[in-house]
Amino acid sequence: MFPPMPLADPVLVLADETDDDDALAQATRELLALARRVGTPVLVRCDHCRAAEVLIDIARDHRPRAILINSSPANDRISAQVAVHLESAIATDVTDLSFDDDHLVAVSDRMSSEIHTPTSVITVRPRNHESQRELLLTEADVVVAGGRGVGSAEGFSLLARVAYALGGRLGGTHTAGELGWCPRHASISLPGARIRPRLYLAGGVSGSVRHRSAIRGAGTVVAIDSDPNAPILREADFGIVGDLHEVLPALLDELAARAASPPQTVTPVPSSPELAEA
Amino acid sequence: MRIIVLIKPGAELEDSDVCAVEHALQVARRRMDVQVTLLTAGPAECVHALRRALALGADDAVHVLDDRISPYDALTLSRVYTEVAADLGFDLVVCGAASVVPNLSMIPDMVSVRLGTPVVSVPARSAPPRHPSFPAIAEARQKLISTRILPLPDPAIIVKDLPACPNTIINVGNDPRAAAVRLVEFLAERRLV
Amino acid sequence: MLVRLIIGLAMTAAALGLASRRLLFLYRVGRLGQPVDPERTKDVGSRAWAVLTEVLAQRKLLKWTVAGAAHAAVFWGFLILGATILEGYGALFQRDFHIPLIGTDTWLGFLEDLFIVAVLAGIATFAVLRIRQSPSRAGRSSRFSGSHLGAAWLVLFMIFNVMWTLLLYRGAQINTGYFPYRHGAFASEIAAKILHPLGHSANDVLETVGILGSLGVVLGFLVLVVNSKHLHIFLAPFNIALSRRPRALGALLPVYSDGKEVDFEDPGEDDKIGRGAIEDFTWKGLLDFSTCTECGRCQSQCPAWNTGKPLSPKLLIMGLRDHALAKAPYLLADSDDARAALPEAVRAEGERPLVGPVADGGVIDPDVLWSCVTCGACVEQCPVDIEHVDHIVDMRRYQVMIESEFPHEAQGMLRNLERKGDPWGRGNKARLEWTQGLPFEVRVFGENGEEALPGDVEYLFWVGCAGSLDDNAKKTSRSVAELLHEAGVEFMILGSGETCTGDAARRLGQELLFQELAKQNVETLNEVGARKIVVTCAHCFNTLSNEYPQFGGDYEVVHHTELLAKLVAEGKLRPVNDVNLAVTYHDPCYLGRHNRVFSPPRDILGSVPGVRLTEMPRNKERSFCCGAGGARMWMEETIGTRINETRTDEALGTEPDLVTAACPYCIVMLTDGVATRKQEGKAPENVRVADVSEVLLRSIQKPGPKAVAAAAEPAAGAEPTPTPGAEPAAESQPAADLEAE
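Chains as they are written, first to last, in this note's numbering: chain A, 1 to 278; chain B, 1 to 193; chain C, 1 to 741.
These aren't lab readings, by the way, just hints derived from the structure by calculation. Mixed in with the good hints there might be a few duds.
[Said to hold, decoys possible] Cβ pair distances, simulated, as ranges:
id: 1; chain 1: B; residue 1: I170; chain 2: C; residue 2: D367; range: 27 to 33 angstroms
id: 2; chain 1: C; residue 1: V66; chain 2: A; residue 2: P228; range: 57 to 63 angstroms
id: 3; chain 1: C; residue 1: T524; chain 2: A; residue 2: D100; range: 41 to 47 angstroms
id: 4; chain 1: B; residue 1: R31; chain 2: C; residue 2: R531; range: 26 to 32 angstroms
id: 5; chain 1: C; residue 1: D554; chain 2: B; residue 2: A11; range: 28 to 34 angstroms
id: 6; chain 1: C; residue 1: E447; chain 2: A; residue 2: P228; range: 50 to 56 angstroms
id: 7; chain 1: C; residue 1: D270; chain 2: B; residue 2: V100; range: 38 to 44 angstroms
id: 8; chain 1: C; residue 1: K532; chain 2: B; residue 2: A11; range: 50 to 56 angstroms
id: 9; chain 1: B; residue 1: A11; chain 2: A; residue 2: A257; range: 27 to 33 angstroms
id: 10; chain 1: C; residue 1: K532; chain 2: B; residue 2: R182; range: 29 to 35 angstroms
id: 11; chain 1: B; residue 1: V100; chain 2: C; residue 2: T641; range: 36 to 42 angstroms
id: 12; chain 1: A; residue 1: D102; chain 2: B; residue 2: I169; range: 33 to 39 angstroms
id: 13; chain 1: B; residue 1: E139; chain 2: C; residue 2: R531; range: 37 to 43 angstroms
[What the hints assert, rightly or not] Partner residues are not named here, just some residues of chain A that face chain C (Cβ under 7 angstroms, in silico):
id: 14; residue: E178
id: 15; residue: L179
id: 16; residue: V209
id: 17; residue: S213
id: 18; residue: P231
[Claimed, not checked] Straight-line distance between alpha carbons at most 30 angstroms, and here's what the computed DSSO-like set of lysine-lysine pairs gives:
id: 19; chain 1: C; residue 1: K42; chain 2: C; residue 2: K260
id: 20; chain 1: B; residue 1: K160; chain 2: C; residue 2: K60
id: 21; chain 1: C; residue 1: K272; chain 2: C; residue 2: K193
id: 22; chain 1: B; residue 1: K143; chain 2: C; residue 2: K429
id: 23; chain 1: C; residue 1: K272; chain 2: B; residue 2: K143
id: 24; chain 1: C; residue 1: K620; chain 2: C; residue 2: K572
id: 25; chain 1: C; residue 1: K60; chain 2: C; residue 2: K620
id: 26; chain 1: B; residue 1: K143; chain 2: C; residue 2: K260
We treat Cβ as the ideally placed atom computed from N, Cα and C, and that holds for glycine.
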């Protein structure tokens, strides 16, 4: 019932339900690109009510290295069913895959995991997920904050635009709160708001210990500060030494340009994904 | 009636697990005959998290003692939880939805699939959990934590922290645009834009 | 005469009856309290000395010159004029009575009259003070704000009545010829001259009226006293004798229940943790409340009250006293039936929560309880040695450990302490970061496999959480390390072996966590064989030196300012560079008031060439808190104005280039304050905040880039050479950039 499948390292990719024959959803194309790194992508399109069943059946027959599924509350249930029935390891929020010493390696924000089961379920958080501006600062996935280095309340409007562009929430340091540049309740400090976003971007924040304490739960930290000795730069995954009033406008332009045309290098449209339709 | 609360491995009790315990206790408060049993798996240090959860008001705990179990291995953990829960017998299984540990957010779904029954998945509140009172802590010292040892398969997943992912520091100099481009590339690589 | 005797004795019987009924009631209220800790009754000598100095010599009252002198006059007047009461009663029985042996001596007559005048002058002063500092004029800033003003005026009026009736009968006695003194009683003689023209029979009547009036007023006064804040006349000596000696500052007491320390590992069934109801206080606590004179000295010093917060130590104590007395009938009722028969108001009082929102009938509002910075300014000032801070912490203990009710933001600190052993949750691996970049190796215990401190190590340097992790405090740690190195003092640090001393947890009321941390640290310190410890944090200093002995940790603990001042005095450190700085010094509460280290930091500053020290108006014992003590560092400050900004303004008032302190918490708070004021344009851009040690280091380091290399060389015995004419102005940027956020 399935089309014949090449045997070289198949990697199953669950297609998004919104996909139609002509245009694949951006999220699906990204999954395919990721699958290509470790094998031959096989796109599985089916009614998601039966997706788990279908994936399990295909996997039992073809022993794929991995099964890639975009994460969402509904899809997570599918991932769980597949993983349990195939007794395969599961790795969530994966950003990169590679193959190394007979093991699949799944990389996420802060760690890499070696998979020790014949097949595995890999879930990927879709990009461009809906902006979370309505979420609380303490629960937001993306937080942008400024400190004394911003220099003025007006400077904070620039940060607000960056927060908007990244789909995140705006906060400030203790000092920014004290100076009235941001609301007191948006002070990221101890005591104050403790945040745990996937991305934290700090502008003009030198990084006192109380501030660093409050961002301990953050995944990726990006810091822009003019002082090369600012403690925040030691904490940052990506640090820029320079004037945020120059860098942030450039960043906004860059983000706008990217939104207008997704660069080809990151999400190549797969030339000929193998389709397994059910 | 027995409610089993699944506690994630580790010495520290996660916020979402606190919420799960509190949720179970709320259910328990409506009936007299409810026993809230905690269930965890992992090394000896997990006892600290269990004592903390017992201080919140749970009745007893089962600890599957195993040094090899990886806290990231949702597959094995879900299996252990399922086996012990099935063995203990239960009317309800409650589990914290999110986790600070990657992969473990899958636990409620996976256990539910294995058990074939729904598992109550409790989202963490943003408000910090209550600090247990001293009498509750003192009482929790007396509560029973029974230890079990199960034959476990080899870990399904082995996690290493990224080899000290070198933090990139760049100097803007005269070219803020170049810095912005590199930043966006970095964010794209981590799937953050 | 007989009438006069009968009236006099009848009055006396009535007054004594009323007074003793009240005193019996008060005694029964006192009996409701828990037993006290056993230390209270030990060390009789120093307790007697305390009564002698604080009661007889009015030591604490005289800290405030005018009010103190007036009080001393009235107090001594009451003692001396006891003789006139004796004379008055004698005259009831025998018209020409005089005190045996000395009763006709000129000096006694003079003394009596002198103190009649002195008391009158005293109460006149009080009246002026009360008018000038009246709450209706000065509002909240008046120390009498919230006190019972009517009762106070009534007391002054009654004292005035005692005095003028005395003069009346003494003057009349002179005219009738029954006065015991022929000379000396100058004021009575003036009264006699005024009364003389009325004639002999009128003076006869006036003599009797005066004596009865005088005794009546005194007896009335007695009844008034036992029913008012003037109870302190009788209670103060006992309260002072039974207070914590030398003062209720420094260490906090362990948690006592039924007079015994609570064992948190194996608590008794009925152990009371902290104070959750008025009857949970000890009888000494109840004595404290009853002794309060409502003078408001505490209130005038309180950082919380002075920045618009609802806490006033005076109002807190008054609230507890009023509640204790109002609830007493409820507590004294021996059966439920008796309780049910009590008036509605008393039963309602019995149901009031000790701590709860005022709107819900709470006696002490949570905002009051959690505003306290435990700075001890109230305890320092209290003329009758009330232990405000202990009571506040005891109530916090109940709220935290039994009710789990406390400002939720403090949970962040508690969780970090529990999980990572420091308030910011950085973990003990981060505790060595501050040593990076020092021009010499800091010796870390255990790095070379030591099992005990090596013999050549003189001091264990306890770096503390802030000293290891906070960016400003790290600079202090580095300065101190460099100075010790420079002076040739061998020291070692514990590195990752350190854990928070638990000060913040204890002052928050989380005694359980404090004890866990304390026991862990004492175990570590005893294992390494620490004897002499130097610390930079005033809070660590207090905990290590005063509180760890409660857990078997007895060490000789010095603050870095003490050690550095000693090294300067011994010539081992020679400040030579002219730093050319206008400096002011902020006394950290836990270094100064709590531990009496006032002069070493000032000695250090005084030894540095070019330091121009200007004291703030509130300094030493009266220093105003920075706002971080009592775990307030870890809570939001949402009510009133900021304590740290108030103190910063005071510091900026001295027009300094550099604001110094000797505690990392103070430095954080003052740095914040200065930054805010700079942003508002209210402080010059050049003002910095730094630890005293950084000033010393600047003066010791040789100027120029060779400093690092020179310090790195093992230049044993080499003295730093002054460089005359070396451009001191170029060096005048004080400690490096101190802003951090």
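Hints, verified against the model:
no. : hint                                    : in the structure
1   : I170(B) <-> D367(C): 27 to 33 angstroms : 48 angstroms, violated
2   : V66(C) <-> P228(A): 57 to 63 angstroms  : 58 angstroms, holds
3   : T524(C) <-> D100(A): 41 to 47 angstroms : 43 angstroms, holds
4   : R31(B) <-> R531(C): 26 to 32 angstroms  : 60 angstroms, violated
5   : D554(C) <-> A11(B): 28 to 34 angstroms  : 32 angstroms, holds
6   : E447(C) <-> P228(A): 50 to 56 angstroms : 30 angstroms, violated
7   : D270(C) <-> V100(B): 38 to 44 angstroms : 41 angstroms, holds
8   : K532(C) <-> A11(B): 50 to 56 angstroms  : 35 angstroms, violated
9   : A11(B) <-> A257(A): 27 to 33 angstroms  : 47 angstroms, violated
10  : K532(C) <-> R182(B): 29 to 35 angstroms : 53 angstroms, violated
11  : V100(B) <-> T641(C): 36 to 42 angstroms : 38 angstroms, holds
12  : D102(A) <-> I169(B): 33 to 39 angstroms : 36 angstroms, holds
13  : E139(B) <-> R531(C): 37 to 43 angstroms : 40 angstroms, holds
14  : E178                                    : 5 angstroms, holds
15  : L179                                    : 5 angstroms, holds
16  : V209                                    : 5 angstroms, holds
17  : S213                                    : 4 angstroms, holds
18  : P231                                    : 6 angstroms, holds
19  : K42(C) <-> K260(C)                      : 15 angstroms, holds
20  : K160(B) <-> K60(C)                      : 65 angstroms, violated
21  : K272(C) <-> K193(C)                     : 66 angstroms, violated
22  : K143(B) <-> K429(C)                     : 34 angstroms, violated
23  : K272(C) <-> K143(B)                     : 22 angstroms, holds
24  : K620(C) <-> K572(C)                     : 27 angstroms, holds
25  : K60(C) <-> K620(C)                      : 15 angstroms, holds
26  : K143(B) <-> K260(C)                     : 27 angstroms, holds
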